[in-house]
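Visitor: Given next are the chains, with one letter for each unit.
2 protein chains.
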Amino acid sequence: MSFTFSLHSTAGSARAGVFVTPHGAVETPAFMPVGTLATVKALDPMDLTAMGASMILSNSYHLHLRPGDELIRELGGLHRFMGWTGPILTDSGGFQVFSLATLCTISEEGVEFQSHIDGSRRFFTPESVMEIGRNLGVDVVMQFDHVIPGQSEEAPARDASERSIRWAARCLTAFAESAEKAEGAERNRQALFPIVQGGIHEGLRREAASALSSMSEWVGFGIGGLSVGEEKPAMYEMLEVVDAVLPANRPRYLMGVGFPEDIVEAIRRGVDLFDCVAPTRMGRNGAAFTIDGRINIKRAEFRNDPRPLDPECTCSACSRFSRAYIRHLFVADEILGLRLLSLHNVHFLLSLARAARQAITAGSLDAWSRDWLTRYHSRNETSR
Amino acid sequence: MSFTFSLHSTAGSARAGVFVTPHGAVETPAFMPVGTLATVKALDPMDLTAMGASMILSNSYHLHLRPGDELIRELGGLHRFMGWTGPILTDSGGFQVFSLATLCTISEEGVEFQSHIDGSRRFFTPESVMEIGRNLGVDVVMQFDHVIPGQSEEAPARDASERSIRWAARCLTAFAESAEKAEGAERNRQALFPIVQGGIHEGLRREAASALSSMSEWVGFGIGGLSVGEEKPAMYEMLEVVDAVLPANRPRYLMGVGFPEDIVEAIRRGVDLFDCVAPTRMGRNGAAFTIDGRINIKRAEFRNDPRPLDPECTCSACSRFSRAYIRHLFVADEILGLRLLSLHNVHFLLSLARAARQAITAGSLDAWSRDWLTRYHSRNETSR
Chain V
1 MSFTFSLHST AGSARAGVFV TPHGAVETPA FMPVGTLATV KALDPMDLTA
51 MGASMILSNS YHLHLRPGDE LIRELGGLHR FMGWTGPILT DSGGFQVFSL
101 ATLCTISEEG VEFQSHIDGS RRFFTPESVM EIGRNLGVDV VMQFDHVIPG
151 QSEEAPARDA SERSIRWAAR CLTAFAESAE KAEGAERNRQ ALFPIVQGGI
201 HEGLRREAAS ALSSMSEWVG FGIGGLSVGE EKPAMYEMLE VVDAVLPANR
251 PRYLMGVGFP EDIVEAIRRG VDLFDCVAPT RMGRNGAAFT IDGRINIKRA
301 EFRNDPRPLD PECTCSACSR FSRAYIRHLF VADEILGLRL LSLHNVHFLL
351 SLARAARQAI TAGSLDAWSR DWLTRYHSRN ETSR
Chain Y
385 MSFTFSLHST AGSARAGVFV TPHGAVETPA FMPVGTLATV KALDPMDLTA
435 MGASMILSNS YHLHLRPGDE LIRELGGLHR FMGWTGPILT DSGGFQVFSL
485 ATLCTISEEG VEFQSHIDGS RRFFTPESVM EIGRNLGVDV VMQFDHVIPG
535 QSEEAPARDA SERSIRWAAR CLTAFAESAE KAEGAERNRQ ALFPIVQGGI
585 HEGLRREAAS ALSSMSEWVG FGIGGLSVGE EKPAMYEMLE VVDAVLPANR
635 PRYLMGVGFP EDIVEAIRRG VDLFDCVAPT RMGRNGAAFT IDGRINIKRA
685 EFRNDPRPLD PECTCSACSR FSRAYIRHLF VADEILGLRL LSLHNVHFLL
735 SLARAARQAI TAGSLDAWSR DWLTRYHSRN ETSR
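Chains as they are written, first to last, in the numbering used here: chain V, 1 to 384; chain Y, 385 to 768.
Treat the hints as calculated values from the structure; they're not laboratory data.
Virtual Cβ for every residue (Gly too), placed ideally from N, Cα, C.
Do not rely on the hints blindly, as some may be mistaken.
Claimed, not checked - Facing chain Y, from chain V, some residues (calculated, C-beta under 10 Å):
| no. | residue |
| --- | --- |
| 1 | Leu37 |
| 2 | Lys41 |
| 3 | Pro45 |
| 4 | Arg66 |
| 5 | Arg284 |
| 6 | Asn304 |
| 7 | Pro306 |
| 8 | Ser316 |
| 9 | Arg327 |
| 10 | Leu336 |
| 11 | Leu340 |
| 12 | Ser342 |
So that you can see chain V by itself, here it is in the shape it has in the complex:
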């Protein structure tokens, strides 16, 4: 079997494991840097390797529109195209179809929408999205799902969740058929994850997790539709509900999350994999995570500050450059500035997941997470 997941230690619901894929092993919990358009913005694959990133995320919707998944297949698949030899997971495009595209028409068959790039009409179905994943050749393909706003009422949330479950079944069939057509070694090179939806409704989440779990022996599970506008306590509650239902021996990927505090809280609730655009997006805007909370490097107070961004960080920005220098780069609109902050922020989340893993293994997760969150929040307001 090309994919395995083994748990090495647990601490309450938290788990330290290893997720093995055809392109390498991922020690979990892990943060996956986001390379939406086949590049983690402002970074080079070599930077990611140097920072210890093991698995990255890309996006079916975006790559289908630009440069096209068939072109990527022609050029040898996404790994080769973007020069990343480790595992890749692609989000299905569900979230993008419902958030970026316009004139979106949903039917049981699929979703018709207009490209946010050129307005061209497109039609995504569970089957067509599986085909995109196949063309990209990524390790993990997410099912095509129906994503709704985080605070949706129960009726629309139920509608979307149940449709997502039916689409998961169609994805599974299409994925299996396509895998059967693949030759020999290629056959088991990809895995399909279903996505647990259900908004902030406990019953829907429980039903979805249960229905999907009994549908197939999935390699892993996505948890979607969180961190999309709901309150944080509601998100944490949903994670607890899902944690109790999903099989323990499969990795769980919390989609689009998160910020440092969310990662710590979700790890405590049994999540193994994360992705978020925040570290690179914030980095391009001058914001940096630090162990003492977030800072905005453009502030005048950093003009002559000789200290690194984060006093405890070992990234290649913090080990070489002062806040004063990076502030200068931002003031002068120099690309190196946003590159260094992107690099630092991604490193920060990778390190955070590694530190959590170590705490789980050492049996000190409670104390570690309490101390970490206290320090992170303590100076957050004053240093913003």
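With chain V's structure known, arrange chain Y on it following the hints.
Guide: The following block gives chain Y in isolation, referenced to the frame of chain V:
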């Protein structure tokens, strides 16, 4: 002595040498990547080291305005500020004062101008520019000079050239006084280069080179006011004139040049050091140097081209990525695209200077440069 220059081989006027500075040795001929604002645009000092860059250039005018040379001194000097441990040369700002600033008023004392950043009034004199160089702590400081357009008539060219010679003398005095005040080991950590001006007027160039040569035992010489609008044959002719007058045992730095063909032609005429913003500026605009001429990666023909930018290049872009991928990055406006092209173009010029050095040493410069120029020009038009 902190600075030495030794010639290892010559081939006609061309020279293979080693220029030793307090921050390291530079094998010449060498191309110096340009870090105008204390960063080589889109690149990291680690990239430059990996590419074999030995000496880089920065700019007194720009750093004085932003972030301020006194701030840089306070933070430990330019090397430490920008994380570059090799030698640095700073252009004096003469070119920038006359090209970027507005309401520029020239007197014998100096130049009054308005900052191109905030319109603030500033006054540069030979003495104040030496002070900036001292604050920056760079290895080589260029004199403050009077730069005029490349096609200027003899009268204004003579006026500017003769003023530049008088200013070289004032720079020398100010530089020596400031060096005497420096303590112990710091005293000989910097060198001052005068700049040969004279437009495209043979007599003026000869007079300037002669007057400057007899003024002091300079560590090296700048050749300025070329590649600023004049015809290329005129530039090459001026280089021959200057080559015949300047002492052979000192490095010559041709300021702001150049494009690949200019570098080859100037090396043949006795130039040792080069700098130019072209590789990074072109890189940000999608243009790449290749052994077969320039290409623009945004062209549709590269949409599915699996080949590297340059079939013979060993840079980290060409060894990992296809033209198709880099084109995709440009079409999608991704920062990695302009970073990879900047990296490739700088690597191209560094390699070109190294190849020329090897040809000089091997006694094959004539054949090498003829073949190189023929191939570079042969497909230039068709592949643009």
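Visitor: Each hint should be assessed against the structure and marked as holding or not.
Guide: Cross-check of the supplied hints:
With its C-beta approaching chain Y no nearer than about 5 Å, Leu37 (chain V) sits inside the 10 Å limit, and its interface hint holds. At a threshold of 10 Å, the smallest CB-CB gap from Lys41 (chain V) to chain Y is about 6 Å, leaving the interface hint in force. Against a cut-off of 10 Å between C-beta atoms, the interface hint on Pro45 (chain V) holds, since the closest Cβ of chain Y lies about 8 Å away. The closest approach between the C-beta of Arg66 (chain V) and any C-beta of chain Y is roughly 6 Å, which is under the 10 Å cut-off, so the hint is satisfied.
Restraint check, Arg284 (chain V) versus chain Y: the minimum CB separation of about 8 Å is within 10 Å; hint holds. Against a cut-off of 10 Å between C-beta atoms, the interface hint on Asn304 (chain V) holds, since the closest Cβ of chain Y lies about 6 Å away. Taken as an interface hint, Pro306 (chain V) checks out: its beta carbon lies about 6 Å from the nearest beta carbon of chain Y, inside 10 Å. Of the supplied interface hints, the one on Ser316 (chain V) holds, with its beta-carbon coming within about 7 Å of a beta-carbon of chain Y, less than 10 Å.
The beta carbon of Arg327 (chain V) comes within 8 Å of a beta carbon in chain Y, closer than 10 Å, and the hint placing it at the interface holds. The restraint placing Leu336 (chain V) at the interface with chain Y holds, with a minimum CB-CB distance near 5 Å, inside the 10 Å limit. Taking 10 Å as the C-beta contact cut-off toward chain Y, the hint placing Leu340 (chain V) at the interface holds, the least distance being around 8 Å. Interface restraint check for Ser342 (chain V): the shortest CB-CB distance to chain Y comes to about 9 Å, inside 10 Å, so the restraint holds.
Every hint, counting from the list given before, is met by this structure.
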